[in-house]
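Trainee: Sequence:
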Amino acid sequence: MVDAELGSSLKDVALHKEVDGIVGLCGGYANCGTCHIYVAEQDIARLPAPDEAEEMMLEGLFADRQAGSRLACQIIAGPELEGLAVTVAPAQM
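Residue numbers (full-length UniProt numbering): 1 to 93.
The set of hints was computed from the structure by calculation and includes no laboratory data.
Keep in mind the model is a prediction, meaning the values are calculated, not measured.
The C-beta atom is built at its ideal place from N, Cα and C for all residues, glycine as well.
There are no misleading hints in this set.
Calculated pairs, SDA-like style, for lysine to any residue (alpha carbon to alpha carbon, straight line, at most 25 Å): (1) K17 - A85; (2) K17 - A91; (3) K17 - I76; (4) K17 - L58; (5) K17 - P79; (6) K17 - A63; (7) K17 - C32.
If you anchor each label on the Cβ, the simulated ranges turn out as follows: (8) I44 - P79: 14 to 24 Å; (9) E82 - G60: 27 to 37 Å; (10) D20 - L61: 16 to 26 Å; (11) R46 - V88: 14 to 24 Å; (12) A40 - L61: 17 to 27 Å.
Generate the whole structure from the sequences, applying the supplied hints.
Mentor: Here it is as structure tokens:
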């Protein structure tokens with residue numbers, strides 16, 4: 001479990017906490033896929049739908065795309081996401 005600072009992207013939180021597998025090469029602009037995560041099935045509905053840029057990046061990923069595939073750089077920590085369960089997808093590099 002990792003505590004997140006409210007208002008931070010999950011990518012930034014993961015990098016700060018040195019979570020293995022999160023790289024974030026693009027700096028959070030949804031154009032590299034190196035922060036690909038899988039949101040647990042029971043938590044998918046808690047997130048807003050991916051925007052067009054995130055959706056396009058997810059379509060081109062090397063790792064298996066799953067129902068809960070998201071880019072950690074596009075998810076902002078807020079109180080409504082407390083307890084959100086995610087796993088890091090296989091490396092994109």
